[in-house]
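As you go down the protein sequences, you meet chains A and B in turn. All residue numbers for the first sequence refer to my numbering, where the first residue is 1 and numbers rise by one. All residue numbers for the second sequence refer to my numbering, where the first residue is 1 and numbers rise by one.
Honestly, I wouldn't trust all of these hints.
Chain copies aren't distinguished; within one or between two, either way the pair holds.
Derived lysine to aspartate or glutamate pairs resembling EDC-like cross-links, with alpha carbons at most 20 Å apart [stated by the list, open to error]:
#1 332 x 362
#2 56 x 328
#3 154 x 410
#4 49 x 228
#5 161 x 402
#6 56 x 228
#7 56 x 225
#8 187 x 398
#9 332 x 92
#10 167 x 391
#11 154 x 126
#12 332 x 126
#13 154 x 391
Honestly, the hints are just simulated from the structure, not real lab data.
Protein chains: 2
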Amino acid sequence: MTYIKGYSCTICGKFYETKAEMVLCPDCKDKGILEIEFDYEKIKTVFSKEVLKDNKDYSIWRYLPLLPVEEKYTKGSLRVGWTPLLESKNNELYQIKKLHFKDDGLNPTLSLKDRASVIACVKALENNNRTIACASTGNAASSLAGNAAKMGLKTVIFVPKRAPIGKLTQLLVFGANVIKVDGDYKKAFSLSKKAIEHFGWYNRNAAINPNLIEGKKTVALEIAEQLDFDVPDWVVVSVGDGCTIGGVYKGFYDLLQLNMIKKIPKILGVQALGCDPFYQAFINDKPLEETDEFTIADSIAVGIPRNPVKGLNAVKKSKGSYLVVSDEEIMKAMKLLAESEGIFAEPAASAAFAGFIKARSENLIKEEETVTVIITGNGLKDTKNALTILEEPVLLEDDLEELIRYFKKEKRG
Amino acid sequence: MTYIKGYSCTICGKFYETKAEMVLCPDCKDKGILEIEFDYEKIKTVFSKEVLKDNKDYSIWRYLPLLPVEEKYTKGSLRVGWTPLLESKNNELYQIKKLHFKDDGLNPTLSLKDRASVIACVKALENNNRTIACASTGNAASSLAGNAAKMGLKTVIFVPKRAPIGKLTQLLVFGANVIKVDGDYKKAFSLSKKAIEHFGWYNRNAAINPNLIEGKKTVALEIAEQLDFDVPDWVVVSVGDGCTIGGVYKGFYDLLQLNMIKKIPKILGVQALGCDPFYQAFINDKPLEETDEFTIADSIAVGIPRNPVKGLNAVKKSKGSYLVVSDEEIMKAMKLLAESEGIFAEPAASAAFAGFIKARSENLIKEEETVTVIITGNGLKDTKNALTILEEPVLLEDDLEELIRYFKKEKRG
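Using the sequences and the accompanying hints, generate a full structural model.
Written as structure tokens, this is what we have:
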């Protein structure tokens with residue numbers, strides 16, 4: 001059984017009391033993205049810190065009472081979640097009381113998206129649906145393809161014409177049925193929508209499907225549990241379409257309702273300077289407007305975010321903030337993160353760390369505060385950009401004297 | 001404290017009773033690779049299935065009494081180990097009683113090598129050594145660079161001239177000091193040896209350092225614990241220099257000495273047809289001879305394995321076997337593994353699965369037996385080879401009718 005009470009519309013606010021799966025608000029149609037509401041009083045009877053202590057399932061399924069899925073189909077999945085929470089030893093360098101990194105690049109397909117994809121797969125099985133579809137070229141698509149492969153489901157992925165083959169490798173190898181649409185992302189999305197309706201496939205277009213944010217929220221549940229429910233003052237995460245940051249808020253919100261934490265951390269949403277619709281909306285206090293998509297951080301290059309309400313609410317309700325970082329700051333942060341923390345993050349994930357550095361330099365985050373930075377994807381997802389900041393190694397003869405001279409020069413340099 | 005009793009030489013068999021770190025047998029010199037021997041009776045007083053049940057440290061450090069390191073320096077490491085053990089649901093397809101995959105591609109730098117590298121880093125810290133060096137272009141190097149970065153250690157990596165920049169990305173981003181040697185791997189190794197002696201750096205050249213196999217053995221400890229100590233009939237692993245397979249054997253050997261398992265699984269070592277010195281030595285029952293290195297599975301393309309004794313003993317003592325697979329079989333296995341199990345493995349790791357398939361077709365592994373295949377590295381380590389077996393997606397207009405026609409044709413095809 002699930003502990004869902006019903007669905008509320010993020011636009012009109014109407015509450016639908018039902019356990020039957022809903023996707024969009026019948027009144028608000030396409031814009032009427034729904035939020036799942038849980039029966040926290042009932043959840044309290046089966047879920048607590050003590051229950052977690054005895055739970056040996058170190059995956060997102062340890063939080064089953066807080067998820068919109070039945071246990072039955074969760075058994076055959078990839079092992080998603082319970083990624084490392086690593087404490088930095090470089091507090092002095094960053095001038096911060098305590099800093100942790102949540103390395104979600106170590107999920108099965110190397111991104112946080114697995115938390116949503118595995119939920120989509122379970123929902124598809126619950127609905128007796130053998131095919132899942134989405135429009136994406138990035139982590140959502142490869143994640144869906146990998147999780148679906150493990151669970152015996154077919155996937156159809158719609159990609160824009162320009163999608164480079166390199167980016168498609170991971171999803172093609174997982175056996176996804178990839179349809180390249182002669183046009184841009186909007187065209188790919190449009191055909192995916194028509195096809196999903198026509199064929200009755202399960203829909204993993206993230207923002208629209210309210211179940212997916214519930215999967216993503218497990219990253220917050222884990223951060224809390226891994227810190228023994230003493231949550232940090234700030235959680236920093238990069239923002240594209242607004243679903244991940246929405247999930248982060250929802251996870252902490254759940255725990256607060258259950259009296260398992262004392263506060264919701266302030267959430268810092270980080271966007272790329274070249275694609276910053278949330279930042280613009282936040283600082284100007286106006287609705288989201290479409291922006292360009294000029295950034296190397298392709299996983300957060302979303303000019304028309306499809307989850308504006310949840311993405312803005314996460315920051316507003318947590319009393320956090322939005323800020324922007326340049327591509328140069330992102331790449332510098334990527335290098336610093338790798339060489340000082342041993343975490344190789346993709347550009348979009350490095351943006352969160354760049355945001356933390358900026359927030360410290362502007363004293364938005366204070367020295368006496370504690371912080372967790374979420375790393376949303378692994379660096380091997382995109383080595384092309386990393387290469388641009390790396391120096392070619394020196395070439396030496398097989399000669400010890402030459403090597404000794406080289407190191408002497410290095411030291412002086 | 002550690003539970004080391006001493007070191008025995010894999011060549012002359014001499015036992016050195018000491019807790020002080022040793023690297024090579026003083027009598028046998030360069031060939032005298034040592035094996036660490038533990039005091040199992042003492043270990044039994046602190047380590048058992050019950051102790052493990054209460055241990056919440058889900059990393060290789062949960063096996064600390066079986067490792068050659070002190071606890072002190074293990075605290076600040078990356079979280080290595082406790083990778084997923086996934087049960088296949090495709091028993092019928094492979095005609096096998098039970099099949100598991102140990103996905104070691106989800107270690108922090110995406111390969112099993114992290115199990116050895118993190119031990120090397122701790123040993124360096126114990127020895128008050130701030131720099132670690134090795135000769136390698138592959139997973140050992142990037143793994144060392146990542147683990148050392150987290151622990152505040154410097155790394156010097158010697159690579160042959162031909163090492164492509166793509167392959168170096170991961171280690172360069174972790175801030176390794178990369179020295180390109182004007183020559184082949186042997187030249188790089190030779191300069192690394194001279195430099196390590198001259199500068200007094202810690203040596204992570206895998207075969208020579210007996211601590212590293214102790215790190216690698218944790219993969220076997222985890223397989224056993226994740227299966228509730230009911231170990232499989234077979235464990236399948238790909239073989240390059242012989243260290244990993246040596247570690248797999250050592251892990252099960254330890255558990256047998258501690259009466260925690262009832263048998264050591266038969267170990268199947270898989271080599272590439274174009275580079276098969278262990279296979280040749282095994283089937284012809286003669287000493288290892290140098291072979292060519294013609295295979296796409298670069299992580300196991302080792303023409304002169306540096307751990308011949310341990311690599312052969314693992315198979316002989318476990319009553320297992322060696323076999324070879326072609327590059328074509330490797331790539332087919334990679335695709336099958338990804339699309340039917342949701343695991344994207346690099347070619348060397350896919351070789352193990354190809355070996356399992358071959359062993360089933362030859363009935364070396366029987367239908368009524370149970371098997372665990374170790375996946376030693378993630379597919380994103382090498383997407384170039386994966387691309388060669390993937391088909392370019394079809395290009396369609398943003399038109400539902402065309403899509404419907406496409407799927408009809410696919411079904412007929």
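Quick rundown of the hints versus the structure:
1. 332 x 362: within (17 Å within a copy, 53 Å between copies)
2. 56 x 328: neither (43 Å within a copy, 40 Å between copies)
3. 154 x 410: The answer is between: 14 Å across copies meets 20 Å, while 54 Å in one copy does not.
4. 49 x 228: The answer is within: 9 Å in one copy meets 20 Å, while 25 Å across copies does not.
5. 161 x 402: Between. Shortest inter-copy distance 16 Å satisfies the 20 Å Cα cut-off; intra-copy 51 Å does not.
6. 56 x 228: Both ways: residue 56 and residue 228 sit 16 Å apart in one copy and 13 Å across, limit 20 Å.
7. 56 x 225: both (14 Å within a copy, 12 Å between copies)
8. 187 x 398: between (56 Å within a copy, 6 Å between copies)
9. 332 x 92: For residue 332 and residue 92, only the intra-copy Cα distance (18 Å) is at most 20 Å; the inter-copy one is 50 Å.
10. 167 x 391: Between copies only: 14 Å across, 24 Å inside.
11. 154 x 126: within (15 Å within a copy, 51 Å between copies)
12. 332 x 126: neither (45 Å within a copy, 32 Å between copies)
13. 154 x 391: between (42 Å within a copy, 17 Å between copies)
Hint check: violations occur at hints 2 and 12; the rest are consistent with the structure.
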